[in-house]
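These protein sequences, in sequence, are chains S and W. Quick note on my numbering: the first sequence kicks off at 557 and runs consecutively. Quick note on my numbering: the second sequence kicks off at 67 and runs consecutively.
It is possible that part of the hints are untrue.
Stated by the list, open to error - Label pairs and their calculated CB-CB ranges:
| id | chain 1 | residue 1 | chain 2 | residue 2 | range |
| --- | --- | --- | --- | --- | --- |
| 1 | W | 305 | S | 686 | 52 to 62 Å |
| 2 | W | 335 | S | 764 | 51 to 61 Å |
| 3 | W | 76 | S | 670 | 17 to 27 Å |
| 4 | W | 218 | S | 616 | 40 to 50 Å |
| 5 | S | 563 | W | 74 | 33 to 43 Å |
| 6 | S | 628 | W | 210 | 40 to 50 Å |
Hints are computed from structural coordinates only; laboratory data are not their basis. We put the CB at the ideal spot given by N, CA and C, even for glycine.
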Amino acid sequence: MPRRKSARRQKLEQLIAYPIDWLEERSGLIGGLRYFLLRKVPGDTSWWHTLGSATLTAFIVQTVTGVVLAMYYKPDPDKAYESIRFITDDLTFGWLVRGMHRWGASVFIILMFFHMARVFLFGAYKYPRELNWIIGVLLLVLGMLEGFTGYLLPWDQTAYWATVVGINLNGTAPFLGPFLAQFLQGGAEIGNETLSRFYAMHMLLIPGGLFALIGLHLYLVIRLGVSSPPWSPEAAGEERVEAPPEGRAGLVQPGPRGGYAK
Amino acid sequence: MSRRLDERREAYQRYKRDVNERGKPFYPYAMFHDTVMSLVVVSVIAALAVIWKLTAEEEPDASGALGVLYGEEADPGTTNFIPRPDWYFYFLFYLLRIFKWPDSVILGTVGVPTIALMLLLALPFIDLRRERKLLRRPVAIVAAILTVVSMGVLTYKGATARESLGTEAVLAVPEWVEQQQLPQEAEAGARLFAESSCLNCHIYLGSGAANLGAPELTEIGASNKGVDYFRQYVANPAKFGNQRMPPFQGLGDENLRNIGIFLDASKGPK
Numbered sequence: 557m558p559r560r561k562s563a564r565r566q567k568l569e570q571l572i573a574y575p576i577d578w579l580e581e582r583s584g585l586i587g588g589l590r591y592f593l594l595r596k597v598p599g600d601t602s603w604w605h606t607l608g609s610a611t612l613t614a615f616i617v618q619t620v621t622g623v624v625l626a627m628y629y630k631p632d633p634d635k636a637y638e639s640i641r642f643i644t645d646d647l648t649f650g651w652l653v654r655g656m657h658r659w660g661a662s663v664f665i666i667l668m669f670f671h672m673a674r675v676f677l678f679g680a681y682k683y684p685r686e687l688n689w690i691i692g693v694l695l696l697v698l699g700m701l702e703g704f705t706g707y708l709l710p711w712d713q714t715a716y717w718a719t720v721v722g723i724n725l726n727g728t729a730p731f732l733g734p735f736l737a738q739f740l741q742g743g744a745e746i747g748n749e750t751l752s753r754f755y756a757m758h759m760l761l762i763p764g765g766l767f768a769l770i771g772l773h774l775y776l777v778i779r780l781g782v783s784s785p786p787w788s789p790e791a792a793g794e795e796r797v798e799a800p801p802e803g804r805a806g807l808v809q810p811g812p813r814g815g816y817a818k
Numbered sequence: 067m068s069r070r071l072d073e074r075r076e077a078y079q080r081y082k083r084d085v086n087e088r089g090k091p092f093y094p095y096a097m098f099h100d101t102v103m104s105l106v107v108v109s110v111i112a113a114l115a116v117i118w119k120l121t122a123e124e125e126p127d128a129s130g131a132l133g134v135l136y137g138e139e140a141d142p143g144t145t146n147f148i149p150r151p152d153w154y155f156y157f158l159f160y161l162l163r164i165f166k167w168p169d170s171v172i173l174g175t176v177g178v179p180t181i182a183l184m185l186l187l188a189l190p191f192i193d194l195r196r197e198r199k200l201l202r203r204p205v206a207i208v209a210a211i212l213t214v215v216s217m218g219v220l221t222y223k224g225a226t227a228r229e230s231l232g233t234e235a236v237l238a239v240p241e242w243v244e245q246q247q248l249p250q251e252a253e254a255g256a257r258l259f260a261e262s263s264c265l266n267c268h269i270y271l272g273s274g275a276a277n278l279g280a281p282e283l284t285e286i287g288a289s290n291k292g293v294d295y296f297r298q299y300v301a302n303p304a305k306f307g308n309q310r311m312p313p314f315q316g317l318g319d320e321n322l323r324n325i326g327i328f329l330d331a332s333k334g335p336k
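Isolated chain S (complex conformation) (with noise of 0.2 Å):
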């Protein structure tokens, strides 16, 4: 009897494992995603470290809500305030879809700031992770962008005359000051090609640059390993007079760039 069920066993394991392994000879991703999720971190991981998660898990709601709105939004000047109030009022869950791409944008915003502070506080930015540190300020500049280009698309008083004021302050630098408000503004006045303008940076231009250097951010972070907080006893990397306690055992250990030591 136990040997015919484990019999049964088997081949229920052989069934589950062969897409697995298919993938895996022909990918690598999930030995990636095994490391990925089995690394290891410092043990005084807390909360603290849940910042930069969070404001990714805000920009992953304006991406989806965002590409909901793009179904119903128009970006013409004749039709922009219209598609914004159909939106709100008359699509099934559209106030719900547009408040929240609407507030997730201060969240977001909020966050990357939290996420900032924590790090310059953890005295994170350090060797090794200087760079990580530069591509988080890029990133919270296009966040702001994001913020500066969506105004405009409701199209109502407030966010018209905002951009107004917004495109003469780019005006004012220096040499390219008059040439980026040119740009933006795209014709004689704010209108038409303005709308379309900011649509495309919102939706295309910026987005891409944040998708693409929060690979980058996430990439450093998997690489280099988060820093535990300074005021732990525990702290990975702090010199110790005593001698460190022993490893935990039995656990898979992640060995160098991805592959795995059994």
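Starting from the known structure of chain S, fit chain W onto it as the hints suggest.
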């Protein structure tokens, strides 16, 4: 210098060894924290959207606890709308009040933000010490407190600032009348000129900004082209071969006439 680098490399090797020997796997430990936090973030965003919708009525400009669902449709002809950016640009919005048009405005729009950005980018190269404990980083503490306080004050000031750039320029109107010796009938046009977006591109007696190649208008009336010429020009600059200035037909006939009278009377300070 190289000793310092060696020390840092050594400390990172020690970090990697510590994590390997005494760390915990990302899954399930850290991932649990991350998942809970992500759910909190999504819930907060959804809750904000619900509060926003439920407390605002379905009419333009009817404000709820979190503001209007949408304002009135954009109207380029409006003369006195107070522009307001989203809250995270309030600090910039207020910097523009500290640095006045036209001489020092560039410090507010470009100078201060650029310096702040440069400092942020350069931070890991300025602070080269290995020390991470906050109490042993007095400069970092002071810098952090100063940054948070100044951003907080600027944001608060920007949020509570009421007057627009236009109404600030209106305060200069009596001065214009005196210096330019404007006749009484030109005053309405002068006020309108100050309130509207004219000064966003034009300079008038030291107020405003030179944008998009717009000319200074202090002595524009000296050309003696007449009220009607200016009225038509402002209404539709494209008709006069100017593709850069937007048409202001939306101001309406009476306002355009007043602007025309004002510009025609502006013949330079006596």
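Checklist entry - Do the beta carbons of residue 305 (chain W) and residue 686 (chain S) sit within 52 to 62 Å of each other? => result For residue 305 (chain W) and residue 686 (chain S) the Cβ distance comes to about 57 Å; the hint holds.
Next on the checklist: Looking only at beta-carbon atoms, does the pair residue 335 (chain W), residue 764 (chain S) fall within the given range of 51 to 61 Å?
Outcome noted: holds, 52 Å
Next on the checklist: Assuming the hint says 17 to 27 Å, is it satisfied by the Cβ distance from residue 76 (chain W) to residue 670 (chain S) or not?
Outcome noted: violated, 32 Å
Item to check | Outcome of range test on Cβ distance (residue 218 (chain W), residue 616 (chain S); 40 to 50 Å) | outcome: Given a distance of about 29 Å, which is not inside 40 to 50 Å, the answer is violated.
Checklist entry - Is the gap between the beta carbons of residue 628 (chain S) and residue 210 (chain W) within 40 to 50 Å? => result holds, 43 Å
Item to check | Range agreement (Cβ of residue 74 (chain W) with Cβ of residue 563 (chain S), hint 33 to 43 Å) | outcome: violated, 57 Å
Taken one by one, the earlier hints fail for this structure at numbers 3, 4 and 5, listed in ascending order.
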